[in-house]
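*Asks:* Chains W, L, Y and V supply the protein sequences, listed in that same order. Going by the working numbering, the letters in the first sequence line up with residues 1 to 225, in that order. Going by the working numbering, the letters in the second sequence line up with residues 226 to 450, in that order. Going by the working numbering, the letters in the third sequence line up with residues 451 to 675, in that order. Going by the working numbering, the letters in the fourth sequence line up with residues 676 to 900, in that order.
The set of hints was computed from the structure by calculation and includes no laboratory data. Here the structure is a predicted model, which is why all the values come from computation and not from measurement. Be aware that a few hints might be false.
The calculated lysine-lysine pairs, modelled on DSS-like cross-linking and capped at a C-alpha distance of 30 Å, are [unchecked claim]: (1) LYS80(W) - LYS175(W); (2) LYS93(W) - LYS175(W); (3) LYS80(W) - LYS850(V); (4) LYS175(W) - LYS305(L); (5) LYS768(V) - LYS755(V); (6) LYS625(Y) - LYS768(V); (7) LYS530(Y) - LYS400(L).
Chain Y stretches covered by chain L per the calculated footprint, using a threshold of three residues with CB under 8 Å from any CB of chain L [claimed, not checked]: (8) 560–571; (9) 651–662.
Glycine included, C-beta positions come from ideal geometry on N, C-alpha and C.
There are 4 protein chains.
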Amino acid sequence: MTITASVRDTIRALRAEVAALHAELPRNQLVVWTAGNVSARVPGADLLVIKPSGVSYDEISPDTMVVTDLDADLVDGDLKPSSDTAAHAYVYKHMPHVGGVVHTHSTYATAWAARGEAIPCVLTMIADEFGGEIPVGPFALIGDDSIGQGIVSTLDGHRSRAVLMRNHGVFSIGKDARAAVKAAVMCEDVARTVHIARQLGAPLPIDAQDVDSLYARYQNVYGQA
Amino acid sequence: MTITASVRDTIRALRAEVAALHAELPRNQLVVWTAGNVSARVPGADLLVIKPSGVSYDEISPDTMVVTDLDADLVDGDLKPSSDTAAHAYVYKHMPHVGGVVHTHSTYATAWAARGEAIPCVLTMIADEFGGEIPVGPFALIGDDSIGQGIVSTLDGHRSRAVLMRNHGVFSIGKDARAAVKAAVMCEDVARTVHIARQLGAPLPIDAQDVDSLYARYQNVYGQA
Amino acid sequence: MTITASVRDTIRALRAEVAALHAELPRNQLVVWTAGNVSARVPGADLLVIKPSGVSYDEISPDTMVVTDLDADLVDGDLKPSSDTAAHAYVYKHMPHVGGVVHTHSTYATAWAARGEAIPCVLTMIADEFGGEIPVGPFALIGDDSIGQGIVSTLDGHRSRAVLMRNHGVFSIGKDARAAVKAAVMCEDVARTVHIARQLGAPLPIDAQDVDSLYARYQNVYGQA
Amino acid sequence: MTITASVRDTIRALRAEVAALHAELPRNQLVVWTAGNVSARVPGADLLVIKPSGVSYDEISPDTMVVTDLDADLVDGDLKPSSDTAAHAYVYKHMPHVGGVVHTHSTYATAWAARGEAIPCVLTMIADEFGGEIPVGPFALIGDDSIGQGIVSTLDGHRSRAVLMRNHGVFSIGKDARAAVKAAVMCEDVARTVHIARQLGAPLPIDAQDVDSLYARYQNVYGQA
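Extracted from the complex, chain W is given alone in its bound form (with noise of 0.2 Å):
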C-alpha cells in the first residue's frame, strides 16, 4: 500500500489523537491493567492506529500506536497490534460511516452482557445518546471475524452507539474515535444508573414517541455547531 505525504500527516495526528484518547480510557473507570482499545480510521486510506497489545496504559504515546490495514496486518508501528485490531477493522470495513471504535470491559456494561440482557430506556440520557435500548450483541470467540460481525450485525441500522457483547464487554462507535469514547463512556455510565434503579424496584417507562423527540434533539440541537 502507497501512502501519501497527506496521508502520512493524517496518521501523525491520529496517533496523537488515539494516544490522548486512551488516558480517557482509565480517567472514567472504563478499564484496569492494559484492557481496552481505541481506534481511529484513517480517513482516505484503507487505515486504521490503534493500541499495541498488553501495553499499560502509563506507556502510551503518539509512537507507541501502530496502524494496520483493515485486514488487521502491520502498516506501520514497531509493537504488534491490540489482539482486538481484527474487530475494530471489521467495522471499518463495513460501516463507512464509523470514524472510530472502543473496546471497554467497564464494569456495569459488561454485567448487563453476562446477563445477555439489553439496557432498557429508562432515563432520557439514554434517549438522547442512544436513542433507545443499548442492544446485546452474539458470544464470539477472539481470533477471526466473529466478534466484528457481532458488532456489525448488531449495529447496523440500530441507532445504538455501543454494543454489550456476551460475556464479554463494550464496543462502541462513532464519527471520529472522540466520539466512540463518549458512547463508551456514555454506556457505562447509564449502565450503572440503571442497574442501580432495577436494584429497589422496577424503572418507570418512557414512551416511544418521547424516546424518538428526546433523540432526535440531542442528535441536531446539543453541543456546539
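Model the placement of chains L, Y and V on the given structure of chain W, informed by the hints.
*Replies:* Here is chains L, Y and V on its own, set in the frame of chain W:
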C-alpha cells in the same frame, strides 16, 4: 438590555465563580463527559451565568461561561448556552430567593428518579440539609418550559433544595451557586447511602419532630457566621 | 485555664497533626463537602484540638484548627468549633484512655446505622481491628450530651473502636488521632465488604475463639514496635 | 546464608521493583491503610523481598523493603517483615515456578471469600486470565504455615493465579511480582463484574471448550513477545 458598569463587574466575578464551581461536579463524581451544569443569578439584573452546551470540563474557564437573560437568550459570550438554560431561567424567574441552580445526572439520585421514588428522610444528614424527603418531579421533555415548571411546582414551598426529575436527573437550588452545588453533592451522597441501606432491609424512620429539630438547628447553628 | 509553655508546644504540634489527618477523610472517601471531623486530646490538659464548623477540606490548615475545653467551649482559635465538638469532648471526659476521636457519615457504615444493624464479625480484618462485631449506638439529637453518652455507653468495655450511631453515622476512637482515623477507614472498608458479601447470600461465621485469637495477635504482633 | 555480589545486585533491583509495584495496590483500589503486600522471589537464592509490617503506602521506598529467607526470617532490612511473610515464603518454597505473590483484602473478591464461594467463569476475561473459576481456599489462622498450605493446596495444579481465602482475602501468584499484581487487579475486577451481574439474575455460562480456547490463546498470543 443595558448592562451597568456595576453589573458588568458582578458578571465578571460570577463567571469566575461559576467556572470554578463546575470543577466540583466531576470532583464529587456527579457528572460524566459534558453532562451537568451550574448557573448563578446576576443580582440586580434579570440575567444568569451558565455553562455553554456540550463543552468538556477540561475546557471550562471564566471566559467560556455565557450570560443569558431569563428567557434563556444569549446576552454575552461566544458559545451557545447549555441546552438546560431554559430550565434554570424559569427557576430564577419564578423563585426570587434562588441565586444558584445545579443540574446533574448523578448516579444514585437518578436511579431514584428512574423509579419515580422520593428519597425518604431516614438519615440525620437528610433532615439537616433537606428538612424531610427529597421529592420527585414530573417527567418533562426538554425544549420548552416543562422542566422549569416541574422544578418550581415541586420545590416551591418545600424545604428540599433538590428535586428528582422523573427518568432524568437532579436539579438543586440555593441562595447562591455554591449552596446549590452543596445541595447537589449532599443529594447524591444521601441517595447512595439510603439506597445501600435499603438493599439489605428497611431503614429505621426518624420521628417528624426530630426531623424538624435537626433541620431548624442546621439552618441556624451550623457553619461560621 | 492557664496554658503552660509545654502545653502550648503540644497544641502547636497537634494542630498540624489534626489538620493533616483531616486529609485522610476525603482521600479514603469517608466524607463529602464539609462533613466529618477529627479531634485529638491535648495530653496534660483538659483540652482538645478539632476542626472548625462548616469549613471545607481545601481550607483546612494548622491555623484554622480550634482548641476547646472538655465542655466544648472555645479556648483558642478564630473560628467556631465543629458542631460535633460536644460529642468529642464528652468522650474524652469519660474515656481517659482515648486520645483521638473521628466522626464521619461514610456510606456503607452509615447504611448499617440507618437500619440499626451491627456489622457482624465475618472477616479476619474485623476480628483483627475490632475484636468482634461493630455495635450500634442509640438515636440521639445533636445539641447536648446525648450523642456523647450514646458513644460512651456503647463503646465502654467493648473491644470495638467504632460505633454506628443510629440513622446518623460513625464515631471512632483510638489511643491517638491517627489510630481513630485508622479505625474509621477500617470500619468503612469492612462495612462495604460485608454489605457486598450479604447481597448474594450469608457470609460464613468465624468461630468465637478464632476471633479472640486473631484480635490478640493483631493487637500485640502487627506493625513495628 | 552467604549473599553473593550478583544476588546483592538482584536484591537491589527487586527492592525498587517491589516498592514501585506496591503503588499499584492503592491505585487500583485493592487496599486501604497499610493492608496488602507484594513480594518477589530472589532468583538464585532462597530469599524474598517484601513490605514491612504496618507501614503506610506513603512511606514505601526501596530502602524500607525487607529481605527474608524462605522461613520468613529477616535477612536484610531495618524493619519487621509483613505479618503475612510466612504465607508468601511457604508459596515460594512449595511452588518453584512462582516468582511473585500478592495479598489483598480487595472488596468484591473478599466478599466472595466471606461466603466461601468461587467466582464462576462467566466472562471472557476470566477465561483469558484464570482459565476457569477462581477457587476458594480454607479458613486459616495467621501465625504458622496454615495460610501458606491453604494457598498451595488450592492453587497447585489449578490454572487460576488467585485464591479466595475464606473469610479473609485474596492471594495471587505470578511468574514475577508484576504478573502477581496483574492477577490481583484482574481478580478484583472480575469479582466486581460477576457480583454485579448476579445481583439482577444469572449470568450466562460459557462452554468449557470455549474457556479452554480463550485461555490457550491469551496465554500464548496476547501482549508483546
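*Asks:* Is LYS530(Y) within 30 Å of LYS400(L), Cα to Cα?
*Replies:* holds, 22 Å
*Asks:* Take the C-alpha atoms of LYS80(W) and LYS175(W), compute the straight-line distance between them, and say whether it is at most 30 Å.
*Replies:* Between LYS80(W) and LYS175(W) the Cα gap is close to 26 Å, so the pair holds against 30 Å.
*Asks:* Establish whether the coverage given for the segment 560–571 of chain Y by chain L is satisfied; the threshold is a Cβ-Cβ distance below 8 Å, and no fewer than three residues must meet it.
*Replies:* holds (count 7)
*Asks:* Assess, step by step, whether the Cα of LYS93(W) is no farther than 30 Å from the Cα of LYS175(W), and give holds or violated.
*Replies:* At roughly 14 Å apart (the allowed maximum being 30 Å), LYS175(W) and LYS93(W) satisfy the hint.
*Asks:* Check whether the Cα positions of LYS175(W) and LYS305(L) lie no farther apart than 30 Å.
*Replies:* holds, 22 Å
*Asks:* So if I understand the rule, the pair passes when the alpha-carbon distance is 30 Å or less; does LYS80(W) with LYS850(V) pass?
*Replies:* holds, 22 Å
*Asks:* Please verify whether LYS625(Y) and LYS768(V) have alpha carbons no more than 30 Å apart.
*Replies:* Violated, at roughly 39 Å.
*Asks:* Need the status of pair LYS768(V), LYS755(V): alpha-carbon distance at most 30 Å?
*Replies:* This hinted pair holds, its Cα atoms lying about 21 Å apart.
*Asks:* Do at least three Cβ atoms from the segment 651–662 of chain Y come closer than 8 Å to Cβ atoms of chain L?
*Replies:* It is violated, with 0 qualifying residues against the three required.
Violated hints, in rising order: 6, 9; the structure is consistent with all others.
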